[in-house]
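Asker: Spelled out, the chains give:
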Amino acid sequence: MNELRSKVKELLGSNALELFIGYERGTRLPRPLLAASAEDADRLIFDEYCTGNLAVYLTRKDLVGGKKTGIAASYYAMRNICRLLDENQLQEGAIKIFGLTPEGTLKAFDTIADVRRYLQETPAPSKQVEDEWVQEIDAMPAAERWKFWTSELSKCFKCYACRAACPMCYCTKCIVEVNRPQWVQPWAATLSNMEWQINRVMHMAGRCADCGACGTACPLGIPVHIIAHKMAEMVRQSFGEPAGKGAVLSTFNPNDEENFIR
Amino acid sequence: MELKYIPKTSLNAWLAKVKDSGRQLYAPVAENGKTNFKRVSSVDEISMGHVQTAQSAKGVAFPRTEKLFSYARQQGSVTLQDYDPNALPSTVVFGLHPCDAAAFKPLSGIFGWDTQDKPFSERMQRVTLVSLSCSKCDAFCFCTSVGGSPGNADGSDILLTAVSDEGYLVEIVTDKGKSLIEPHAALFEAAPEVSKAELLAHVEVKFSVDEVERKIADAFESDVWKRQSARCMGCGACAFVCPACACFDVQENAKGAAGDRIRCWDSCGFALFTLHTSGHNPRGTQSQRWRQRLLHKFSYMPRRLAVRGCTGCGRCSRACPVDMNLSEHLKELESIHRTS
Amino acid sequence: MSTEFEPKILAFVCNWCTYAGADLTGTSRIKYASNVKIVRFPCTGRIDFMLLLKAFAGGADGVIVSGCHPNDCHYTSGNFHARRRWMLFRGLLDFLGIDVRRIQFSWVSAAEGAKWAEVVNKTVADVRELGPYSEYKKAAEFLAGNEDVLLKEQEVAQ
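Protein chains in written order, with our numbering: chain A, 1 to 262; chain B, 1 to 340; chain C, 1 to 158.
Since the hints were derived computationally from the structure, they do not count as laboratory data.
Computed from a predicted model, the values in this text were never measured in an experiment.
Treat the hints with care, since some could be wrong.
[To be verified] In silico DSS-like links for lysine-lysine, alpha-carbon gap of 25 Å or less:
1. 96(A) <-> 176(B)
2. 176(B) <-> 19(B)
3. 37(C) <-> 255(B)
Chain A with its partners taken away, still in its complex shape (with noise of 0.2 Å):
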């Protein structure tokens, strides 16, 4: 933790960072923290609780932009972070990464080559959980599937938190922000609340790096990362582990295998 300030503190005073985003401690978990300043460099903490995606700020105009910024990842928020890069949504020179190994010590990154291979080498954080709620959704009826997924969409009311803390989810206008055509009825309803969610994971297809924070985020405990780690399973099933640029469905192999057409 002392070290992750000294360091930060450093960058920050010799100008190589104009600003670090990393975690203090909040209420109940560690929350985000926008550093500026060593003052502000002083509350930061890093630790194993420090699971919330940061990612989801670099492509924050109006806080990050243009600004040598260095940001504490997570496991998660680092394949973000390449990802993030290949849609030309970041410039590599400009972000300074630090990540957390599993035993606790802090790592900095100097090239995002280095933070690819550690993605490689590092055995990603368990989706057991998930995993779990998969199989168990997968092994109902259909008809009981329906019912659980339109009572739980049902308590949506669309305060859309999910996007906001969706590091991919970094477009101007959203699908449901416009009305010509409008494909999602913007009020909050069991069906639109529905097609939201199936636009968003439709988007996320190949993008997402299935980190749960849609989940984490919702207010009222409705579990949308679950169709997040579903659609990643399915990706990963149908298509192999995402390869650099180019998302799953901009692009194609003649040879993609499926069952259903006709």
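With chain A held as given, fit chains B and C onto it using these hints.
Answerer: Showing chains B and C alone in chain A's frame:
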């Protein structure tokens, strides 16, 4: 104010009778780790173990989505089906806390400002609020800092306070409340001699709201808004769980020649909220939207409607994905230096 | 007249293959079920997945999506892109409990008039077996005078 006592064993019987008298009963129901107000079909569904429900009770008078009217066009003529208040059911909300009951006052202020809002006022007339004083609180509660208290009867029609595990002190605040009790008077007993204050949760006073209101009235240009809102992600969770937030959007559910006009919740935290057709957005950044949220609640509403837009329920802070703790921010605002 | 349930089927087809194929079905005087309404698109790659949901919300009981066979796309790769999209979309709908048996994807070339008739007949027969898709439509009709659903919605809103 009339005082009575109801034993715990009679409470459910009373609620069941109230429900069977043709009223809808809304009460807290626990489901998947969250408690929310729901229309219950049996009083056994009611759960009382929570400190605060995830959402407030405002939906009984201000539903998240509501049809204002429908229309159908046919060969040059239009038939209009206007809002029908007679179709609205009588509703009893049980188990809301004093902060929620108190929040109907700012809501009524907004919906009654200048013009009476028909859907809201018609619903309000049919709603009876049976509140429950708080015997426990958490770190997010701050009703006592904004002029409320865990035993505040303002806004409630009936206020219950747990005397022990055995029963409740019953304060009958309004005639509406009285009419719920009188037909079932046999279930109620004479009020015991108790000090109500001792039965309540201790909610710490965290700041002086008068000082906050004095400070922020001049703080429009302060950089504090930018600092505080840096981590805000711009979702609408805080507004939607807030018992006093009243912003709405009006939308069209058009299906060819027929359709409905719909009112649904909106939030000043959304970038789209103030976006003009020209593309200009007078509140273009999140810090401006955060400032609006706080000034609206603690400056504009007290000045224009003589009621504060916050009752200290703490839901916004519990719901916030990035822990934008409101009482903490207000505490900071209390001590900022005045800017010109 | 039969009182048997007549499913409403909406077909989203590409201009270059299936639409021409369906035209051939007609000019070849092959009879097929009249339950289908065809919507022509430049390419299967252009068919937004939301259109399928809109079809169900608007009262369709079944949907056909059809275009050029792989490698035959007029725009080279539109159908390959579409195929990927349908693979994920279909899985996602299934996960959410939306009845994917009501969506038939197919490749029908401009020369396959007979196949088009067969695809339509099969889909109509399948959907007739399944009955009307009332679940989705009912969910979509919220606020359209359906007060019971409205009340249920509000119940959850509290």
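Asker: Is the Cα-Cα distance between residue 37(C) and residue 255(B) 25 Å or less?
Answerer: Since the Cα atoms of residue 37(C) and residue 255(B) sit roughly 19 Å apart, the hinted pair holds (cutoff 25 Å).
Asker: When you check the alpha-carbon spacing of residue 176(B) and residue 19(B), does it fall within 25 Å?
Answerer: holds, 15 Å
Asker: With the threshold set at 25 Å, check whether the alpha-carbon distance from residue 96(A) to residue 176(B) stays at or below it.
Answerer: Roughly 63 Å separates the two Cα atoms, so the pair is violated.
Of the hints listed earlier, the one the structure fails to meet is number 1.
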